[in-house]
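Undergrad: Sequence:
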Amino acid sequence: MDQVLYSTPDNPAPENRTEGFFETHDGLKLRYAVFRSSTPVAKGTVVLLHGRNEYIEKYFETIRDLTAKGLWVATFDLRGQGASQRLLKKAHLGHVRRFVDYEHDLDTFLEKIVLPDTRLPFYILAHSTGALVALSAAPFLSTRIDRMVLTAPFIGLSGQAASPGTIRRLATLACSLGFGSFPLTRKIKESPFRDNPLTSDEVRFERNAAIAAAHPELVLGPPTARWLLEAFNTIDRVTSPNHLFSITIPTVVIAPTRDAIVPYIAQERLSRYFRAGQLVPINGARHEVLHERDVYRQAALAAFHAFIPGSDAEETEDVEGFGT
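Residues 1 to 324 (UniProt numbering) make up the sequence shown, in order.
Worth flagging that the hints you see were computed from the coordinates, not collected in a lab.
Among the clues, some could well be false.
Straight-line distance between alpha carbons at most 25 Å, and here's what the computed DSS-like set of lysine-lysine pairs gives [unchecked claim]: (1) Lys29 with Lys89; (2) Lys29 with Lys90; (3) Lys29 with Lys112.
Please construct the entire structure, taking both the sequences and the accompanying hints into account.
TA: Take a look at the structure:
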């Protein structure tokens, strides 16, 4: 396609960027962009990893916040979503063959784009599914990534019509019968603002809805049985004490306490065994804390900047005060 990034009237693409596609280990084309700060000396590069059914355009506001602080941002659409290459003929389905493919894609992105084209040191900011990818890959990233900030990491599931155990059993059965590329539910109409579990900020909610309406090709429908089973298996692995003990990258987990997608209790439990991790609750926030009302979003960004060296931490409050 000729146009790589898409602007909408209330969500223009940030300037001072490089954009394009890179090729994965198995020959897929994934869309990426690197956004540069206008400050003379860069304070490092943030590798931004999205959640399921997210894409670069959704993070333009956050990217501007980060570059204004002297940080560069490097980000890409996960395989099978956004404007990256889709994996099935039914392109609207959220699918992955193996969850480890996400980790291979991150490794390729670091080697092909981030290391040669951005500025040290490197940090990760990851949301939901992106945070699950970061947690899974973290034991092998310690020589390249200095610090990680994970928002609402996808380490549990709530708010569904069926229990997580039932969903997992159905996904396992579907995969064993050769139906791994089929969804367990039909396409469900997106919730209006009043019923949505993602954010209490109506302006940001409607802005994101306008992006999806203007460019429906970026949007995903339900996940497939294979995606769900791979996600559940990865959650089991990354939340095990042995895995958490093997992570040495200093990490902050920003946990919205009113998260209706990933249970807050699961994020709190994660921190008990995560010796390199620190939990920062954001009291009252919903799942998409970087798209929340300013009172919650600014607390999350303040936690990020207080944790990232040189990121104007002196302008933020003490981390212990966040979430109040």
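Undergrad: For every hint, state whether the structure bears it out.
TA: Right, here's what the structure says about each hint:
no.	hint	in the structure
1	Lys29 with Lys89	holds, 16 Å
2	Lys29 with Lys90	holds, 17 Å
3	Lys29 with Lys112	holds, 13 Å
Consistency note: the structure conflicts with none of the earlier hints.
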